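Under the working numbering, the letters of the sequence shown match residues 1279 to 1647, in that order.
No lab work stands behind these hints, which were simulated from the structure alone. Just so it is clear, the structure is predicted and the values come from calculations on it, not from any experiment. Beta carbons are placed, not taken as given, at the ideal position from N, Cα and C, and that holds for glycine. There may be inaccurate statements among the hints.
Stated by the list, open to error - If you anchor each label on the Cβ, the simulated ranges turn out as follows:
#	residue 1	residue 2	range
1	Ala1514	Asn1397	40 to 46 Å
2	Ser1536	Thr1321	29 to 35 Å
3	Asn1397	Pro1595	42 to 48 Å
4	Gly1538	Asp1458	44 to 50 Å
5	Pro1595	Pro1333	22 to 28 Å
6	Glu1597	Pro1511	30 to 36 Å
7	Ala1505	Gly1363	50 to 56 Å
8	Gln1496	Pro1638	45 to 51 Å
9	Asp1458	Pro1638	29 to 35 Å
10	Gly1295	Gly1341	20 to 26 Å
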Amino acid sequence: MADQLYVGLISGTSMDGVDAVLADLSGPRPSLLASHAHRWPDTLAAALAALATDPATPIRLLGELDARAGEVFAAATLALLQTAGVDPGRVRAIGSHGQTVLHAPDAPTPFSLQIGDPNRIAQQTGITTVADFRRRDMAAGGEGAPLVPAFHREMFASPQENRAVLNIGGIANLTLLPADRALSVTGFDTGPGNCLLDGWSRRHLDRAFDPGGTWASQGAADPDLLARMLADPYFARRAPKSTGPEYFSATWLDRMRSGGTPPAVDVQATLLALTAHSIAHALRATAPATERLLVCGGGVHNTALLTLLADLLAPLPVESTAQHGLDPDWIEAMAFAWLARETLAGRPGNLTSVTGAHAPVVLGAIYPA
């Protein structure tokens, strides 16, 4: 049925491309029908990366990049539907997260900015588009992030055990799912996931990332550098909290490195240890009764990272969400397809226990086909 098919779109903090999924939301559990990874054009990718690190970007350039990104999101949708053999007229709506270029929940006037003009997505696809999900939660006093925990609850909560879901994108975030449904689901950003690892790999290997953590595995974590990093006040803050690569940036890393200069490979090993230790500490400190950790996001493919994390949390089972029926690469995009449905139905999509908002609110704006 036309109103059961939804497209989800997201380009995460790693900015490695647009993830697009086609989801069937007709049953009690969303079903992934098709997926598509759509590369950013090289010049646009470079411009987006520069935009995310330059607070003085001219407004004209911001507007141009917003329009160009919207066209790429539209192209990703059409490529996805062509691959799936599905006519756009069968799709009820697109949920587009867009591309975050600045997340500032601690600013004097908190805000979060995602670009990728939804007008162009709706116009070029002919599909109603729901976008701009984060700012309504912030208007209600919330962090605007993370928003995926509501979907994690639908997909992975179990009355038999206390679970946590870990998404390792550019930033890592945890969703804490108590077995007792009377208890609140909570969640927060733990800190850097892949963002510092990827940035250091680009700087020293001219590669977008370190496949499997192979390079990091050749080095040794520097204990002094790791200690300086873990002493950052963000890690000790109580939830609700959220962050982004504008905080855990190359500038942040260079400041931390000012106390010493270990070899580049040892810095990579230290950054891997930082991601693992900050996640493990956050989970132990906030949900010591967790009985299973499910992992999704691009970081699930970093074998060295997952091995260290499992060692730090042993004997807690650490598993890919693939073992629970959902491909770890597509969960965030699936979440925004699901959130689009919630918006069209007039149902709140935020969890106040996660974001700290004063009230549940319907998220996003609707751009008709």
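Hints that the structure is at odds with (numbers, increasing): 5, 9
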